[in-house]
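> What follows is the residue order along each chain.
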Amino acid sequence: MGKRVLLIEDEPNIIEAVRFILSRDGWHVDTHSDGATAMAAVAHRMPDVIILDAMLPNRSGFEILRDLRGQDDTRNLPVLMLTARGQTKDRERAEEAGVSDYMTKPFSNSDVLERVRALAGD
Amino acid sequence: MVPFNFLVAVCLGYVAILFLVAFWAERRAAAGKDGWLRSPYIYTLSLSVYCTAWTFYGAVGYAARSGLEFLTIYLGPTAIMIGWWLLLRKLVRIGQSQRITSVADLISSRFGKSTVLGVIVTLLAVVGTTPYIALQLQSVTLSFSVFAAQSSEAWTPPSLNATALWVAGGLAAFTIIFGTRKIDSNERHHGVVMAIAVEAVVKLFALIAVGVFVVWGIAGGVGGVMERIDASPIAQWQVTNGRWIGLTFLSAAAFLCLPRMFQVLVVENADERHLSTASWAFPAYLLAMSLFVLPIAVIGLEVLPAGANPDLFVLTLPLSMGQEGLAMLSFLGGFSSATSMVIVASIALATMVSNHIVMPIWLRLQPKDVSVSGDVRSVLIVSRRASIAAVLALGYMYYVMSGGGAALAAIGLISFVGVAQFLPAMLGGIFWRGANGRGAAVGLLLGAAIWAYSLFLPSFGAGAILSEQLLAEGPWGVGWLRPQALFGIEGLDPVVHAVLWSMLLNTVTFVGVSLFTFPNALERLQGAQFINVFHLSRETKGWQASRVESEDLLIMAQRIIGGRDAQRLFADAANKQGKVGYLPDPTPEFLEKLERELAGSVGAATAHAMVGQIVGRASVSVEDLMAVADETQQMMEYSNQLEAKSDELARTARKLREANEKLTALSEQKDTFLSQISHELRTPMTSIRAFAEILQDPSLEHDDTKRYADIIFRETIRLTRLLDDLLDLSVLENGTVALDISAGDLGALIDRSISAAALTGRLTIKRNPAREVRVIETDQDRLAQVFINLIKNAEKYCDADKPELKISVRSVGDVLQVDFVDNGKGISPADSEVIFEKFSRLSDGARAGGAGLGLAICREIVLNLGGEIAYLPGQGGGAFRVSLPSRVALAAE
Amino acid sequence: MAERPKISFFLPQDGFRRRRLADAARILPVLGGILMMIPMLWGVDQGGEADPAKTSNAAVYVFCVWAGVIIAAAMLAPFLARIEDED
Numbered sequence: 009m010g011k012r013v014l015l016i017e018d019e020p021n022i023i024e025a026v027r028f029i030l031s032r033d034g035w036h037v038d039t040h041s042d043g044a045t046a047m048a049a050v051a052h053r054m055p056d057v058i059i060l061d062a063m064l065p066n067r068s069g070f071e072i073l074r075d076l077r078g079q080d081d082t083r084n085l086p087v088l089m090l091t092a093r094g095q096t097k098d099r100e101r102a103e104e105a106g107v108s109d110y111m112t113k114p115f116s117n118s119d120v121l122e123r124v125r126a127l128a129g130d
Numbered sequence: 007m008v009p010f011n012f013l014v015a016v017c018l019g020y021v022a023i024l025f026l027v028a029f030w031a032e033r034r035a036a037a038g039k040d041g042w043l044r045s046p047y048i049y050t051l052s053l054s055v056y057c058t059a060w061t062f063y064g065a066v067g068y069a070a071r072s073g074l075e076f077l078t079i080y081l082g083p084t085a086i087m088i089g090w091w092l093l094l095r096k097l098v099r100i101g102q103s104q105r106i107t108s109v110a111d112l113i114s115s116r117f118g119k120s121t122v123l124g125v126i127v128t129l130l131a132v133v134g135t136t137p138y139i140a141l142q143l144q145s146v147t148l149s150f151s152v153f154a155a156q157s158s159e160a161w162t163p164p165s166l167n168a169t170a171l172w173v174a175g176g177l178a179a180f181t182i183i184f185g186t187r188k189i190d191s192n193e194r195h196h197g198v199v200m201a202i203a204v205e206a207v208v209k210l211f212a213l214i215a216v217g218v219f220v221v222w223g224i225a226g227g228v229g230g231v232m233e234r235i236d237a238s239p240i241a242q243w244q245v246t247n248g249r250w251i252g253l254t255f256l257s258a259a260a261f262l263c264l265p266r267m268f269q270v271l272v273v274e275n276a277d278e279r280h281l282s283t284a285s286w287a288f289p290a291y292l293l294a295m296s297l298f299v300l301p302i303a304v305i306g307l308e309v310l311p312a313g314a315n316p317d318l319f320v321l322t323l324p325l326s327m328g329q330e331g332l333a334m335l336s337f338l339g340g341f342s343s344a345t346s347m348v349i350v351a352s353i354a355l356a357t358m359v360s361n362h363i364v365m366p367i368w369l370r371l372q373p374k375d376v377s378v379s380g381d382v383r384s385v386l387i388v389s390r391r392a393s394i395a396a397v398l399a400l401g402y403m404y405y406v407m408s409g410g411g412a413a414l415a416a417i418g419l420i421s422f423v424g425v426a427q428f429l430p431a432m433l434g435g436i437f438w439r440g441a442n443g444r445g446a447a448v449g450l451l452l453g454a455a456i457w458a459y460s461l462f463l464p465s466f467g468a469g470a471i472l473s474e475q476l477l478a479e480g481p482w483g484v485g486w487l488r489p490q491a492l493f494g495i496e497g498l499d500p501v502v503h504a505v506l507w508s509m510l511l512n513t514v515t516f517v518g519v520s521l522f523t524f525p526n527a528l529e530r531l532q533g534a535q536f537i538n539v540f541h542l543s544r545e546t547k548g549w550q551a552s553r554v555e556s557e558d559l560l561i562m563a564q565r566i567i568g569g570r571d572a573q574r575l576f577a578d579a580a581n582k583q584g585k586v587g588y589l590p591d592p593t594p595e596f597l598e599k600l601e602r603e604l605a606g607s608v609g610a611a612t613a614h615a616m617v618g619q620i621v622g623r624a625s626v627s628v629e630d631l632m633a634v635a636d637e638t639q640q641m642m643e644y645s646n647q648l649e650a651k652s653d654e655l656a657r658t659a660r661k662l663r664e665a666n667e668k669l670t671a672l673s674e675q676k677d678t679f680l681s682q683i684s685h686e687l688r689t690p691m692t693s694i695r696a697f698a699e700i701l702q703d704p705s706l707e708h709d710d711t712k713r714y715a716d717i718i719f720r721e722t723i724r725l726t727r728l729l730d731d732l733l734d735l736s737v738l739e740n741g742t743v744a745l746d747i748s749a750g751d752l753g754a755l756i757d758r759s760i761s762a763a764a765l766t767g768r769l770t771i772k773r774n775p776a777r778e779v780r781v782i783e784t785d786q787d788r789l790a791q792v793f794i795n796l797i798k799n800a801e802k803y804c805d806a807d808k809p810e811l812k813i814s815v816r817s818v819g820d821v822l823q824v825d826f827v828d829n830g831k832g833i834s835p836a837d838s839e840v841i842f843e844k845f846s847r848l849s850d851g852a853r854a855g856g857a858g859l860g861l862a863i864c865r866e867i868v869l870n871l872g873g874e875i876a877y878l879p880g881q882g883g884g885a886f887r888v889s890l891p892s893r894v895a896l897a898a899e
Numbered sequence: 008m009a010e011r012p013k014i015s016f017f018l019p020q021d022g023f024r025r026r027r028l029a030d031a032a033r034i035l036p037v038l039g040g041i042l043m044m045i046p047m048l049w050g051v052d053q054g055g056e057a058d059p060a061k062t063s064n065a066a067v068y069v070f071c072v073w074a075g076v077i078i079a080a081a082m083l084a085p086f087l088a089r090i091e092d093e094d
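One line per chain: the protein sequences are A, B and C, in this order.
First residue of the first sequence? That's 9 in this note's numbering, and the numbers climb one at a time after it.
First residue of the second sequence? That's 7 in this note's numbering, and the numbers climb one at a time after it.
First residue of the third sequence? That's 8 in this note's numbering, and the numbers climb one at a time after it.
Take the hints with a grain of salt, since some may be wrong.
Label-pair restraints from in silico Cβ distances [stated by the list, open to error]: (1) Ile723(B) <-> Lys97(A): 28 to 34 Å; (2) Arg33(C) <-> Val16(B): 44 to 50 Å; (3) Asp75(A) <-> Ile723(B): 15 to 21 Å; (4) Arg26(C) <-> Ala650(B): 46 to 52 Å.
Because the hints were derived from the structure by calculation, they are not lab data.
In this text, all values refer to a predicted model and were calculated from it rather than measured experimentally.
All C-beta atoms, glycine included, are put in the ideal place defined by N, C-alpha and C.
The following block holds chain A by itself, in its conformation from the complex:
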């Protein structure tokens, strides 16, 4: 398979958990804890799926998503958003910004895997 997932998340333990879950399924996982470096990575090499935390230092996940949707090459890139603030307002904001799928922390590992697979078109 060798499909690539870009994980943008600032919590080390969660990065490790997601990486573990996806790697075990054969995904190649790149991680960034900061929006700016993540955008550069996307420009450098387009991932198949992006997993995006809503609450990041400096630039929030919503802003990053908006940037992604504002660029031609990433307009249709599948983005799965994670948020810890389980509020409907966040979901609405994410959908407005053009999110592909949306999950609330904590999540079940299989769920993450399924959704990433679905987004990647498997």
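Start from chain A and add chains B and C according to the hints.
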């Protein structure tokens, strides 16, 4: 025999003399030599226009028919004059102070300068006076005819109508020439008044001459007259009580209300004091006029043939005795009576018609934006002259159409009843403040209607205007509406009947409507001026004038700008004038200043008017101004109250808005807080859950298993600590924390805190133990919690290569300051404002695990201990200062 | 000649007199009215029960009352003319 031409020549000569007298009087008045013209006796004589040809000739006829009843016509005016102090004095004062031009003007002006009332009164006056003028024309032509009948057939007198026409034309000319010389109808017509006075003397002299001739020439003295009276058909008292009282009342009312009487009594009055002379002199004149009426009537009845017209006894009696000179004099007396009445009545009516009908219409027809001031003078004169001509023409037409005769002879009393309708409005207007224009109009209209229906229209004879059937059975057969038996009361004399019902219903509706409707502002102001006329026009004399004015000004000013300010203003002005006290002279400078001061409160126009009214002694009384000032003050107070209320409302609204904003902010804070708590709780739980699932994977290697279990453990601790912090914060924020106050050494406390912070050794701590030796009375554990937090923060966030934390202690008064300063790059000013908020995150993302509750908790603890914690900028690194009272107990108390 | 006495005429103690003069001026027409109503008691010839008054006597009465009232008014007038208004 008197040749007709001679008679005409005498008439013309007499009229020429009158012209000369009038002209001479005008000249003298114009030259300022009018002292003699302004004599009270001239005024008294001018009142004699009351005695018209109807009274000159008619009184004798009246006496020949009804005995002494004719006296009622003189007793009414006598009562009014004798009682001048009660009524006339006020009427004249009002007339002068308000510059009243006619009875219509009086009533219109009193009731708010009402155009409608002016028109009603004018029309009623015209309707009531026109037949009366016709009556004068008739008497003159009748007297002509007497001479014509006596003369030979050598000359043929022109027809009676033509005579009347010539008389009317001549009177119109005289009246126009002398009655419209002045535009201001309020100015005296000196020429006219003088001519009237001369005529008054002529008619009195003529009647007395005839009387003397009759008593001493025919009857042989007083005793003989008395015997002949006792032997005459009118030997017995035959006046009914109703007519005695009713006609006296009627003549009194007419004396006040007749347009011509109002003209001479009020409008032509040059000096109020003339009234006191006229009060006895005019009744004396009337007495003299009536003294010989009864003898002439009795002798006439005795001497002249049975069919002779008693109305002409004054003329026919001397003629029958061959006394042609006396007859001539008598003729001139009657001519004088007629002409003086017609002249004054037409002036009065013309003024009313011109001022209340023609001018309003003319002004209304003018384009609104055109200034009319230049044109009004000529228009006024033309309209006045045309009105005089029109009034006389009306009188002539009435004379011709009525055909003379008995119907006209009765018109005197009928006319009286018509104009007497003004009386309720007039008296109510000057004595009763509650009277209003609506009441006056309704009363006048109803009274006039009853007069017309019950007296005026029936006077033309049955079948002339009102049908016989209507007179006998009432309209549509309704008996109680019969014109001469209203409400079913029969047997009353028609005149008394009409007086009773018209005056009664007029008065009742006037009062009733006034009671139940409200006057407008102008009516109230005018009413006050009319009723309080004596309080306002007090004549100020000599040196007192200025003081009285100043005092009035002060009183007024106090009501407008308040006592203290007004007194200071006046005292300052008095001081500047070199006077002691509060009453400066009303110099132009002072008045200007005062006006400016008042204008600040009531506006410039009002202030100017108020000051002007007091100083200028204009026709508004001081009391009225006080009333206006009071009203203004009340209005200002009211508006102040309103303002205060609206201020209060605005304050309340602002408070509500603030409360709402606070609630919204609180709600947002709560939302933010909850979502942050959610985030802080969910993040460790995500890790825990994810790794817990991963651990179930049997293929996991041992190292990984151990590592992942360790993560779960640490995240659990993180979760617990978060919950602890939240609970801690909650307790601290609610102020429900139980403090455990004890005395302890500060140095020891810092020692304990450093060791509890469990530093990794990377951070160097610098202290000055000597300064830390002091006892602090506080909750030792809680303060240590703060210190620990600050030390840990320094360790976490100090980004220097060799991190250092300097802890320094100092005392400022009662306050103990403990500073924690590290050598890192510190916190940006923007961040330093939010670091003490819950879940605050620094913008650079520098964060090491904590949920952002530490400093919030620190702040709550320090506040609970009675101190405060602040970030100190400009210390070369992150710096926090904890300030505490030396004894927390002090602060707690 | 009228000015000077006008100021000095009414000293304070004259207030009483002034008011009585004004009262007299008010009472006079009432008194005259009552006297002039007396003829109403004479009755009119209504069947001859009582003889109505003779016109000659009536005339003398009425003219005497009339003259009397005029004389009284003439006596009051000069004083009233000087009274300052007070009502």
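> Against this structure, judge whether each hint is valid.
Results for each hint:
no. : hint                               : in the structure
1   : Ile723(B) <-> Lys97(A): 28 to 34 Å : holds, 31 Å
2   : Arg33(C) <-> Val16(B): 44 to 50 Å  : holds, 47 Å
3   : Asp75(A) <-> Ile723(B): 15 to 21 Å : violated, 37 Å
4   : Arg26(C) <-> Ala650(B): 46 to 52 Å : holds, 49 Å
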